[in-house]
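Undergrad: Sequence:
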Amino acid sequence: MQTTRINLAAVATLLLAAALGCGESHGLVPVSGTVTIDGQPLTTGQVMVSPPGQRQSIGPLDGQGRFELTCYKKGDGAPVGTFPVAVMAVEQVGERQLRWHAPRKYSNEQQSGLEVTIDGATDDLAIELTWQGSNHSGPFDEKF
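In mature numbering (1 follows the signal peptide of the UniProt record, and there is no 0), the protein residues as written are -27 to -1, 1 to 117.
For the record, the hints were derived by calculation from the structure and aren't laboratory data.
Yeah, the Cβ is synthetic: ideal placement off N, Cα and C, and Gly gets one too.
Any given hint might turn out to be false.
As the list claims (entries may be wrong) - Simulated restraints on C-beta separations: (1) R69 x G26: 35 to 43 Å; (2) E115 x G48: 27 to 35 Å; (3) N108 x K47: 34 to 42 Å; (4) G36 x A94: 20 to 28 Å; (5) A99 x G48: 17 to 25 Å; (6) Q84 x V2: 23 to 31 Å.
Claimed, not checked - Cross-link-like lysine to any residue pairs, in silico, SDA-like; alpha carbons within 25 Å at most: (7) K116 x Q84; (8) K47 x Q29; (9) K78 x H109; (10) K116 x T17; (11) K116 x L71; (12) K78 x P24; (13) K78 x G12; (14) K78 x S110; (15) K46 x A94; (16) K78 x G6; (17) K46 x P3; (18) K47 x S80; (19) K78 x G36; (20) K47 x D97.
Construct the entire structure; sequences and hints are all you get.
TA: What follows is the structure, encoded as structure tokens:
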């Protein structure tokens, strides 16, 4: 009889976890939008939204500067709130060479100066970057 109670308790626990949405939305809302730099679409890189103490939501940029955030599964989005953002706009162009398509400061959410507020599902979140105040006026290469 003891074995039956333990097995029933285990099954009940698994059913409760499934009913509560284990692996479901995680409190996320769909988020997509665009990244521009000095008014032009940024077409290389990815957006990273970093809720403190939570998993990052990441979205690669397409040829029009659009992104769709993914946290656990494609397009599931990001949590509601205001969070720091990084835009990693760099590509490897040689064995020991990178090309930056935006100032390096944007690649770190603590230095980027960027924040987004997500109030709910959206497809028009706008992230605007600039070369102004940078040591460069456009894409630049860096050897490593």
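Undergrad: Each hint should be assessed against the structure and marked as holding or not.
TA: Each hint, compared with the structure:
no., hint, in the structure
1, R69 x G26: 35 to 43 Å, "holds, 36 Å"
2, E115 x G48: 27 to 35 Å, "holds, 32 Å"
3, N108 x K47: 34 to 42 Å, "holds, 36 Å"
4, G36 x A94: 20 to 28 Å, "holds, 24 Å"
5, A99 x G48: 17 to 25 Å, "holds, 19 Å"
6, Q84 x V2: 23 to 31 Å, "holds, 27 Å"
7, K116 x Q84, "holds, 22 Å"
8, K47 x Q29, "holds, 13 Å"
9, K78 x H109, "holds, 12 Å"
10, K116 x T17, "holds, 18 Å"
11, K116 x L71, "holds, 6 Å"
12, K78 x P24, "holds, 19 Å"
13, K78 x G12, "holds, 18 Å"
14, K78 x S110, "holds, 14 Å"
15, K46 x A94, "holds, 16 Å"
16, K78 x G6, "holds, 21 Å"
17, K46 x P3, "holds, 11 Å"
18, K47 x S80, "holds, 22 Å"
19, K78 x G36, "holds, 22 Å"
20, K47 x D97, "holds, 18 Å"
Checked against the numbered hints given earlier, this structure breaks none of them.
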